[in-house]
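Work out the full structure: start from the sequences and follow the hints.
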Amino acid sequence: MIYRHLALYRRSWPRLAELAYWPVLQTSIWGFTSTFLLARGGSAAAAVGGMLLGGVLLWEFALRSQMGVAVAFLEELWSRNLGHVFVSPLRPWELVAAMISVSTLRLTIGVTPAILLSYLLYAFNLFTLGPVLVLFVANLMIMGWWVALGVVSLILRHGAGAESLAWSVLFGLTPFSAVFYPVSALPAWLRPVSLALPSSHVFEGMRAVMQLGVIRWDHLAAAAALNVVWMAAATLVFARQFRVARERGALLVIGE
Amino acid sequence: MAMDAIRVAGLTKRYGETLAVDGVAFAVPMGATVGLLGGNGAGKTTTIAMLLGLLIPSAGSVHVLGHDMARDRFAALARMNFSSPYVALPHRLSVAENLRVYGHLYNVPELDGRIAALASELEIEALLDRPAGELSAGQKTRVALAKSLINRPDLLLLDEPTASLDPDSGDMMRSLLERYRAESGCTILLASHNMSEVERLCTHVLMMKKGRIVDRGSPDELLGRYGRETLEDVFLDIARNRGASLGVPA
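Residue numbers (the working numbering), protein chains in the order written: chain A, 1 to 256; chain B, 1001 to 1250.
The hints are simulated quantities; they were obtained by calculation from the structure and are not laboratory data.
Worth double-checking, as some hints may not be accurate.
To be verified - In silico SDA-like cross-links for lysine to any residue, where the CA-CA straight-line distance does not exceed 25 Å:
id, chain 1, residue 1, chain 2, residue 2
1, B, 1210, A, 246
2, B, 1209, A, 249
3, B, 1209, A, 246
4, B, 1210, B, 1012
5, B, 1210, A, 253
6, B, 1209, B, 1104
7, B, 1210, A, 247
8, B, 1209, A, 129
To be verified - DEER-style ranges, computed between Cβ atoms:
id, chain 1, residue 1, chain 2, residue 2, range
9, A, 22, B, 1152, 53 to 59 Å
10, B, 1168, A, 11, 31 to 37 Å
11, A, 16, B, 1117, 30 to 36 Å
12, A, 91, B, 1167, 37 to 43 Å
13, A, 210, B, 1131, 43 to 49 Å
14, B, 1183, A, 10, 44 to 50 Å
15, A, 17, B, 1232, 52 to 58 Å
16, A, 160, B, 1110, 50 to 56 Å
Said to hold, decoys possible - So the derived list for chain A, only partly shown, Cβ under 10 Å to chain B, looks like this:
id, residue
17, 4
18, 18
19, 183
20, 184
21, 185
22, 191
23, 231
24, 248
25, 249
Please read all numbers here as calculations on a predicted model, not as lab measurements.
For glycine and all other residues, C-beta sits at the position ideal for the given N, C-alpha and C.
See the structure below:
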């Protein structure tokens, strides 16, 4: 299944370019914003600008991971190929593993130019976060995967009508994910919602490193634990919806 | 006693109030070619989908190549394959890439050689580098058949395998299926509206109507029972409820 997607991207440069388009665009917008803040507000504003850029770049890891998995599934749906895939010996978990692998390749191709751009144009080096960056990225990617499993489950349940969620659902979680501001900036009644998301803990941890130079292991542990819980829940929902799709005969007609 | 390739008992599929398949029971011996005939909505595609594990039955059991499809379908799926004009192949991939994808999924050894051999047999060598989405309907049917033979299946489920083919290409496909069956001992279950195809290929026929098997037998037995010269006339007798007047259960 990984070969199937590699073959697809190999023969389509617009698809390859599209992978990097949004991460580069986002980085450009927030990079110029940071530059503007630096020019007007001095070092304090520059620190805020740096956190904005860091937030943008890290959030792309979650966004692209989620979209990568969901779009890999949609490719099968658009080509009305699910019937062939699911009468092969490929197990559903193998399909999910392949989609995650494809998503990771897409992410690498998409985010690398944005990271380079932020360094070359805006002198922002994401790697100054240190080795803990690996843990931040891993948690955000895992969050992207379980959100994508939820989206795929909805597509299995509601068909192509739910496909727009593949692009929109994680953007909807951005306000609650503390990407650009701390959880404390949210109204008190919204904070529990925010703290139930692994991303909020990752971005609180990112700001702690950038502002104070400390690693907040408590936030990292919370992010990892929440990812385990959400991933388990998403897996159960996916397994359930896959079975329902087999009961309804949706695997043959889902793309129509 | 030889194992049946397919053994189905009490197979039922209900969608709400609609009974798509109603307590169907049949067995397909190893090496046989069986035709599944019936009008539109008779339940053929639903039955095939349940045999493939794509659809979970409301009741009944399906055993394929000795495996219970409710519990152990992946062991059977590795040894079977399927072709239908209603299920497409990724249209942006070339024909060769498509065959390679499915070769990998079925873990086919010496895949490049297998693809070359199938391309030669099905006369699709010139199509290998073309995107599947740019092929004519007849070319797509041949490529779909190549995909269905990629893993040298022990059981082949074919839903209208020669749909969209001109008479010459259709004849070539039927010859290929006959040759493949003779060489491999493969079992074939064939849903088709082409009665001459069924008469030529099938050793046994199951006639479906309104989700039930209403008659069965070899083509010669059915022709004799209905006093007809072609299976098409038998099909029409069943579709138009003329079997009862001939003393045949409808």
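Against the structure, the hints come out as follows:
1. The suggested pairing of residue 1210 of chain B with residue 246 of chain A holds, with an alpha-carbon distance near 22 Å, which does not exceed 25 Å.
2. Taking the CA atoms of residue 1209 of chain B and residue 249 of chain A, the gap is near 20 Å; set against the 25 Å cutoff, the hint holds.
3. Restraint check for residue 1209 of chain B and residue 246 of chain A: satisfied, since their Cα atoms lie roughly 23 Å apart, inside the 25 Å limit.
4. Between residue 1210 of chain B and residue 1012 of chain B, the direct Cα distance comes to roughly 12 Å. Compliance with the 25 Å bound is thereby established for this hinted pair.
5. The hinted pair formed by residue 1210 of chain B and residue 253 of chain A meets the criterion: a straight-line CA distance of about 21 Å does not exceed 25 Å.
6. With a C-alpha separation of about 38 Å, the suggested pairing of residue 1209 of chain B with residue 1104 of chain B is violated against the 25 Å cut-off.
7. Distance hint between residue 1210 of chain B and residue 247 of chain A is fulfilled; the C-alpha atoms sit about 20 Å from each other, no more than 25 Å.
8. For the proposed pair residue 1209 of chain B and residue 129 of chain A, the alpha carbon gap of about 69 Å is over 25 Å, so the pair is violated.
9. Between residue 22 of chain A and residue 1152 of chain B the beta carbon distance is about 45 Å. The supplied range of 53 to 59 Å is therefore violated.
10. Under the hint 31 to 37 Å, the C-beta atoms of residue 1168 of chain B and residue 11 of chain A, about 32 Å apart, fit the expected range.
11. Between residue 16 of chain A and residue 1117 of chain B the CB atoms are about 34 Å apart, so this pair conforms to the stated range of 30 to 36 Å.
12. Checked against the given bound of 37 to 43 Å, the beta carbons of residue 91 of chain A and residue 1167 of chain B, roughly 41 Å apart, stay inside it.
13. Range check, residue 210 of chain A to residue 1131 of chain B: about 48 Å between beta-carbon atoms, so the 43 to 49 Å window is met.
14. Taken as a hint, the range 44 to 50 Å is violated for the pair residue 1183 of chain B and residue 10 of chain A, whose Cβ atoms sit roughly 36 Å apart.
15. At about 55 Å, the beta-carbon gap between residue 17 of chain A and residue 1232 of chain B stays in the expected band of 52 to 58 Å.
16. Between residue 160 of chain A and residue 1110 of chain B the C-beta distance comes to about 38 Å, which lies outside the given range of 50 to 56 Å.
17. The beta carbon of residue 4 of chain A is positioned within 10 Å of a beta carbon in chain B (closest approach about 4 Å), and the interface hint is therefore held.
18. For the restraint placing residue 18 of chain A at the interface with chain B, the shortest Cβ-Cβ distance is roughly 14 Å, beyond the 10 Å limit, so the hint is violated.
19. The interface hint given for residue 183 of chain A is violated, since its Cβ lies 43 Å from the closest Cβ of chain B, which is over the 10 Å cut-off.
20. Hint on residue 184 of chain A is violated. Least Cβ distance to chain B is approximately 48 Å, over the 10 Å limit.
21. Checking residue 185 of chain A against chain B by beta carbon gives a least distance of about 45 Å; that is not within 10 Å, so the hint is violated.
22. For the restraint placing residue 191 of chain A at the interface with chain B, the shortest Cβ-Cβ distance is roughly 43 Å, beyond the 10 Å limit, so the hint is violated.
23. The closest approach between the C-beta of residue 231 of chain A and any C-beta of chain B is roughly 24 Å, which is over the 10 Å cut-off, so the hint fails.
24. For residue 248 of chain A, the interface hint holds, the least distance from its beta-carbon to any beta-carbon of chain B being 8 Å, beneath 10 Å.
25. For residue 249 of chain A, the interface hint holds, since its Cβ comes within 10 Å of a Cβ in chain B; the closest pair sits about 5 Å apart.
The structure fails to meet hints 6, 8, 9, 14, 16, 18, 19, 20, 21, 22 and 23 from the earlier list, while all remaining hints are met.
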